[in-house]
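Participant: The task is simple: from the sequences and hints, build the whole structure.
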Amino acid sequence: MRLLALEIKRILKTRITWILLAASFFLGVIMAYLPVTFEGAVVTGSDGEEKEITGLDAVAYYQKNRDMFGEVTAEKLQEAVAVYQQVYETYDSQYGNEVPAGVFYEELAKYRPFIRGIREAFADPETGIAPGVRDLDIKQVGDYYGQLEKRLTSVMDIEQKKNPSAKEIALDKFARVSRPYKYYYGASGNSMDYETLLLFLLTIFGVVITATIFSADRQTGADDILRCTRHGRRRLAGVKVTAAFLITGVTCLLCGIVWIVTTNTLFGWEGTETSMQIFYSVTSLLPFTVGQLQWANLLGGCILFLATVSFTLFLSSLAKDNVSALALGLVFALLPVIAYMAVPGVLGEWLSCILPSGGIGLGNSLLYAMCDFSFLHIGAASFWNVDVLLLLGILKIPLFSFLAVFSYCRRYA
Amino acid sequence: MELKIDQVTKRYKDKLAVDHVSLTLKPGVWGLLGANGAGKTTLMRMIAGIMKPTSGDILYDNLSIQSLQGEYRNIFGYLPQEFGFYPEFTVTDYLSYVAALKGLSKAKTRDKIDALLEQLTLTDVRKKKILKLSGGMKRRVGIAQALLNEPEILILDEPTSGLDPGERVRFRNLLSKFAQNRIVLISTHIVPDVEYIANQNAIIKEGKIIALGTTEELERLVENKVYRCTMHPKELAKQEGRLRIVNLKNEEDGRVSLRYLSEQPMTENSIAEAPRLEDLYLWLFPQEEVRA
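Residue numbers (the numbering used here), protein chains in the order written: chain A, 8 to 420; chain B, 41 to 332.
It is worth saying that the hints were derived from the structure and are not from the lab. Accuracy of the hints is not assured; some may be wrong.
Quick list of in silico lysine-lysine cross-link-like pairs, DSS-like style, CA-CA up to 25 Å [as the list claims (entries may be wrong)]: (1) A:16 x B:172; (2) B:169 x A:20; (3) B:92 x B:248; (4) A:20 x B:178; (5) A:16 x B:168; (6) A:157 x A:169; (7) B:55 x B:44; (8) B:146 x A:16; (9) B:44 x B:92; (10) A:16 x B:148.
Just so you have them, the derived chain A footprint on chain B, three or more residues with Cβ under 8 Å [claimed, not checked]: (11) 80 to 89; (12) 111 to 118; (13) 129 to 138; (14) 288 to 295.
Just so it is clear, CB atoms sit at the ideal spot from N, CA and C, and this is done for glycine as well.
Facilitator: Given below as structure tokens:
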């Protein structure tokens, strides 16, 4: 324990570590605050003048309009469609931005969270194209929850035509999603993107902090002395790995908690009760509320973060100098992002999952996987990307940690 | 207690750095003398267990150090040629860190660090970052870490580089006291570092031990090969190419006094001088300059 405390003290004494740790917490707050600035509404003042409000004022405005909060019943959905259709007909429009801003915020804004989902639920089963609001049948909308399973079946038929096992898994998972959905104003999907961006930046910081844990000793020759001591091999390597995990892992977790607390304090904690299906696909496979999704994204992100850190430690134990360790660490951390963008099709999907830092990124993030219907296949068997990412992440942590310790002990041998 | 280096060889891709070296080290101070690139550091690193020999073995009390692992490192102290340290650590932080790695208890660590800082006159800088210390002070911190666990085997690679003359003398005295019932191996190309304190010296050249013995025994190898003479400075210009001059001094009468190495006297007024270890070193490494 004394050695671990001394190693933590050593790492924390380096200036770059302090700067990055401070930057991490700062980012935790900033990434929570930024989505607030995107909130906006147009309200009519007591003088009859329309006024645009943004930021926290807009948040306060939405929090006051509580008519639609609570269970998302078929009646509420039918009401939403009816009002939308009436307003669109009045202004002969198809989209919200064709309606005068004052009218949109006065009449439609409170129904807005439901409309996208309703259109998605009643999308064409052959083409997947969602109908326009004016094309929706209000009577049919009354069977919204009955329609969801059919919608998921058609999605899986379109996306996983050759993989019936994927469809089975999806339907099985969706059966566990509790309905009716719930809605409260709060942090939305936009906000969740910033949590993912935060996790991505924290991973880059984590790579910078840990890339030199072993390589610095080798570069300066410090480990010639350390390796000649009683505990200077396996135990020291183990302590270095543990200290790196503790410092970066705790920072990642705490920054994520700072983000969750700040986000929900700014947007309102009630919003955490909203079903994730309101903001993402109506047939999303996870039975989570937005609050649970925030935590799942954070905890899952921490697993992927630690997998990346453990691989960086392994690279550090192999590298002869800090520059190579850092360069390799960053390249491997960014590789899934590059693979996702540059390698098309199944190979790209596999790569962005199985690479050491799989799931770290934006488009290829764990969050998007949790909201998506992507499956990986081996023969007739299918595996949901989320399960693959997390399972591999959990396996990578001990595997690369062991390899880091092993390679440190074997060096010079 | 003995440390046996048994037919140890280290071959790099295109170079034989250590060539079938055999040496049995018993308690006492051992000097390992050799020019730069002679194979001293490679041999030291193999003894320290941070480099594996290509062939041969190193045995501590007849057990291979490869099999002893932690047990061997527990009785071992090492100061490498390049003392790498953590720049962000203070002297005390660093010594506490190494002490923890050496398995010293917290209380013993405190006492040992206090004593070593006192002995190595580092007490005043104990709270200073190592990065900000002078070269000599950094070297002394390196020596302190090697002594923390009171090792039975102490290996010091060029320990006095960067130390001033006073520090060198203090360090030699410290080592002489420390070496009782311990094996202390000092690798150096600075002959006076080991001349007076080493019980045995080994001279390594091109990866091979070419001479081994006490200082007196080694000095005898150049008996009747060290001469002194005086000459006029003009004559010196003529003789310089012919003589292997060890020392040269301007005398008050305008002549120069020379100490040189040769199989036989090279001038009429040459007289034989008592050899010193440095003479043997220069005899064996003719390309080396005289080092103070």
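Participant: Please verify whether residue 146 (chain B) and residue 16 (chain A) have alpha carbons no more than 25 Å apart.
Facilitator: holds, 16 Å
Participant: Residue 169 (chain B) and residue 20 (chain A) were given as a pair; does the straight-line alpha-carbon distance stay at or below 25 Å?
Facilitator: Holds, at about 11 Å.
Participant: Does the structure keep residue 55 (chain B) and residue 44 (chain B) at a Cα separation of 25 Å or less?
Facilitator: Given that 25 Å is the threshold and the Cα spacing comes to 24 Å, the pair holds.
Participant: Can you take a look at whether the region 129 to 138 of chain B is actually covered by chain A? Rule is 3+ residues, C-beta closer than 8 Å.
Facilitator: Our answer is that it holds, as 5 residues pass the Cβ test (under 8 Å) against chain A, meeting three.
Participant: Tell me if chain A covers the region 80 to 89 of chain B under the three-residue, 8 Å CB rule, please?
Facilitator: holds (count 3)
Participant: Establish whether the coverage given for the region 288 to 295 of chain B by chain A is satisfied; the threshold is a Cβ-Cβ distance below 8 Å, and no fewer than three residues must meet it.
Facilitator: That given contact is violated, which follows from only 0 residues of the region 288 to 295 of chain B lying within Cβ reach (below 8 Å) of chain A.
Participant: Please verify whether residue 16 (chain A) and residue 172 (chain B) have alpha carbons no more than 25 Å apart.
Facilitator: Roughly 19 Å between the alpha carbons, so the hint for residue 16 (chain A) and residue 172 (chain B) holds.
Participant: Can the restraint linking residue 16 (chain A) and residue 148 (chain B) be considered satisfied, given a maximum Cα separation of 25 Å?
Facilitator: holds, 20 Å
Participant: Taking 8 Å as the Cβ threshold, is the statement that the region 111 to 118 of chain B is covered by chain A upheld or broken by the three-residue rule?
Facilitator: This one holds; 5 residues, not fewer than the three required, reach chain A with a Cβ under 8 Å.
Participant: Does the structure keep residue 20 (chain A) and residue 178 (chain B) at a Cα separation of 25 Å or less?
Facilitator: holds, 19 Å
Participant: Take the C-alpha atoms of residue 44 (chain B) and residue 92 (chain B), compute the straight-line distance between them, and say whether it is at most 25 Å.
Facilitator: Distance ~15 Å between residue 44 (chain B) and residue 92 (chain B) Cα, so the pair holds.
Participant: Assess, step by step, whether the Cα of residue 157 (chain A) is no farther than 25 Å from the Cα of residue 169 (chain A), and give holds or violated.
Facilitator: Roughly 18 Å between the alpha carbons, so the hint for residue 157 (chain A) and residue 169 (chain A) holds.
This entry does not satisfy hint 14, going by the numbered hints stated previously; all others are met.
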